[in-house]
Amino acid sequence: MDWVFIKDVKNYDGKEVTLKGWVYNKRSSGKIWFLIMRDGTGIIQGVVLKNEVSEEVFHQEDKLTQESSIIVRGLIHADKRSPGGYEIVVRDIEVVQIAKDYPITLKEHGVEFLMDNRHLWLRSSKQWAVLRIRHTVYYAITDYLNQNGFYRFDSPLLTPNACEGTTTLFSVPYFELGNAYLSQSGQLYLEAGIMSLGRVYDFGPVFRAEKSKTRKHLTEFWMMDAEAAFVEHEQNLKIQEELIRFVINAVLEKNPDDLEILERDIDQLKKADAPFRRITHAEAIAFLRSKGSDIDAQSDLGAKDEVLLTENSAVPVFVEKWPKEIKAFYMKRDRENPNLVLGADLIAPEGFGEIIGGSQREDDYDLLYQRMVAENMPLDDYRWYLDLRKYGSVPHSGFGIGLERLVQWMSGTKHIREVIPFARTIYRLKP
RNA sequence: UCCGGCGUAGCUCAAUCGGCAGAGCGGGUGGCUGUUAACCACUAGGUUGUAGGUUCAAGUCCUACCGCCGGAGCCA
Numbered sequence: 002m003d004w005v006f007i008k009d010v011k012n013y014d015g016k017e018v019t020l021k022g023w024v025y026n027k028r029s030s031g032k033i034w035f036l037i038m039r040d041g042t043g044i045i046q047g048v049v050l051k052n053e054v055s056e057e058v059f060h061q062e063d064k065l066t067q068e069s070s071i072i073v074r075g076l077i078h079a080d081k082r083s084p085g086g087y088e089i090v091v092r093d094i095e096v097v098q099i100a101k102d103y104p105i106t107l108k109e110h111g112v113e114f115l116m117d118n119r120h121l122w123l124r125s126s127k128q129w130a131v132l133r134i135r136h137t138v139y140y141a142i143t144d145y146l147n148q149n150g151f152y153r154f155d156s157p158l159l160t161p162n163a164c165e166g167t168t169t170l171f172s173v174p175y176f177e178l179g180n181a182y183l184s185q186s187g188q189l190y191l192e193a194g195i196m197s198l199g200r201v202y203d204f205g206p207v208f209r210a211e212k213s214k215t216r217k218h219l220t221e222f223w224m225m226d227a228e229a230a231f232v233e234h235e236q237n238l239k240i241q242e243e244l245i246r247f248v249i250n251a252v253l254e255k256n257p258d259d260l261e262i263l264e265r266d267i268d269q270l271k272k273a274d275a276p277f278r279r280i281t282h283a284e285a286i287a288f289l290r291s292k293g294s295d296i297d298a299q300s301d302l303g304a305k306d307e308v309l310l311t312e313n314s315a316v317p318v319f320v321e322k323w324p325k326e327i328k329a330f331y332m333k334r335d336r337e338n339p340n341l342v343l344g345a346d347l348i349a350p351e352g353f354g355e356i357i358g359g360s361q362r363e364d365d366y367d368l369l370y371q372r373m374v375a376e377n378m379p380l381d382d383y384r385w386y387l388d389l390r391k392y393g394s395v396p397h398s399g400f401g402i403g404l405e406r407l408v409q410w411m412s413g414t415k416h417i418r419e420v421i422p423f424a425r426t427i428y429r430l431k432p
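The numbering of the first sequence is my numbering, which starts it at 2 and goes up by one.
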């Protein structure tokens, strides 16, 4: 008898199969009982009839508890009364292990309890759906890049210094060399990579030791950094837009069931697959002031500002051309206005906030050097980075996507801790 | 780090003005042949976060501490 995955049972209508998985729920009614089981690929209802199975199998109902592991054999058939449209008429149930006192019920639970039991919470249907969407987003990003001439280039996670110098880094003892720091971005290394491979990306965990305490921050999160030689600001934005729209379409195509489990408004995602809006930072400030904000002209955008800027927009919004003072040292100056840099943040609609930060990079040795001196950066540690402007410097651009932010938006998840298997936040390191 | 809030059964919560600690879920026992977070009956389950204080009496009021949640800043 074939072992099949629940997602494939529709191909086995009228056939006997074996399913392997876990008890999700059960309902009994005297001489008939229903077994809801899941196997990682889907969920299906089993029907156990008293006069069609042995006494022993029928009385498994007494023993089976939520999340007990089981192997079920039976006949697949379509039935409208069954959730999912198919069910298995059970012939035999083999118990692998009986779960005792599984703590997470199908009722409501609090955040702290669920996070303490994250290792089990992952099995719940909404968490399962989010993880499947995360998988799609991850592979859609790399598919797009691989199809567009980007090579995967793995940046180091242990680094001698801050990438941007501003945020706090986690430090770890490093033999005789003092402290190493966990990377907060592989970008600078990617800039070396493009001089070899032309277009490169990395995709891995990065670390921020800031005591951020919001629904969009993690101390460990996954970032995809891409970098491309001879690509300037305009083309940089074009690549970003194509990539994000590629991801939207992948999720809509591959995860309709998951979006439904999450009660995600699919129309919102469909509407976002259209040309993105673009405004300059100065226009953003003017707009926010017209809405009653007293935001400073040299100010970064706060969470509320991001919401205001996108509240009437179905598509993501690029905010470009920022005052150089509030952006990183490596961003290239705007030829038309030396007080601005050619950077852009991409803000997702529906209040999900910034999902991409990118820029054209400064490729002029002297300008970069001056800027680094002005920021008191340890030049010795960045000699190699300056070298890139000495030996065949080219215009180039890049951007970084926060995977969890993007998954948050795609899945419509309110808090970022639910879109990564095991969230690391300021007050949580377990499980 | 700052501002605000919450800690009561395994879980989610209730407990009026300070006056006998309770319900649903989950567990256990029994019933039911098409259930959809099934339902019905019965049942076990408590150091009210910790330490002090006020009071005849504290889950409730006061102080400190601990834990957590939400938000801000910073960023992806």
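These are computed hints drawn from the structure, not numbers from a lab. Worth double-checking, as some hints may not be accurate.
Unchecked claim - The list that follows gives simulated cross-link-like pairs (lysine to aspartate or glutamate, EDC-like), each with its CA atoms no further than 20 Å apart: (1) Lys-16 with Asp-40; (2) Lys-108 with Glu-254; (3) Lys-272 with Glu-233; (4) Lys-32 with Asp-3; (5) Lys-32 with Asp-93; (6) Lys-239 with Asp-335; (7) Lys-11 with Glu-56; (8) Lys-272 with Glu-284; (9) Lys-27 with Glu-113; (10) Lys-127 with Glu-242; (11) Lys-212 with Glu-53; (12) Lys-328 with Glu-351; (13) Lys-271 with Asp-295; (14) Lys-16 with Asp-3; (15) Lys-51 with Glu-261; (16) Lys-415 with Glu-242; (17) Lys-415 with Asp-117; (18) Lys-328 with Glu-264; (19) Lys-101 with Asp-80; (20) Lys-108 with Glu-264.
Verification of the hints:
1. Lys-16 with Asp-40: Between Lys-16 and Asp-40 the Cα gap is close to 19 Å, so the pair holds against 20 Å.
2. Lys-108 with Glu-254: 31 Å, violated
3. Lys-272 with Glu-233: The hint is violated at about 28 Å.
4. Lys-32 with Asp-3: 28 Å, violated
5. Lys-32 with Asp-93: 16 Å, holds
6. Lys-239 with Asp-335: This hinted pair holds, its Cα atoms lying about 18 Å apart.
7. Lys-11 with Glu-56: 29 Å, violated
8. Lys-272 with Glu-284: Given pair Lys-272, Glu-284 is violated - Cα atoms ~24 Å apart, limit 20 Å.
9. Lys-27 with Glu-113: Given that 20 Å is the threshold and the Cα spacing comes to 27 Å, the pair is violated.
10. Lys-127 with Glu-242: Measuring from Cα to Cα gives roughly 28 Å; hence the hint is violated.
11. Lys-212 with Glu-53: Not satisfied, since the Cα-Cα distance of roughly 60 Å exceeds 20 Å.
12. Lys-328 with Glu-351: 25 Å, violated
13. Lys-271 with Asp-295: Cα-Cα ~34 Å, so violated.
14. Lys-16 with Asp-3: Roughly 9 Å separates the two Cα atoms, so the pair holds.
15. Lys-51 with Glu-261: 34 Å, violated
16. Lys-415 with Glu-242: Distance of about 23 Å is beyond 20 Å: violated.
17. Lys-415 with Asp-117: Distance of about 19 Å is within 20 Å: holds.
18. Lys-328 with Glu-264: 37 Å, violated
19. Lys-101 with Asp-80: It is violated: about 32 Å lies between the C-alpha atoms, which goes past 20 Å.
20. Lys-108 with Glu-264: With a Cα-Cα distance of about 17 Å, the restraint between Lys-108 and Glu-264 holds, given a limit of 20 Å.
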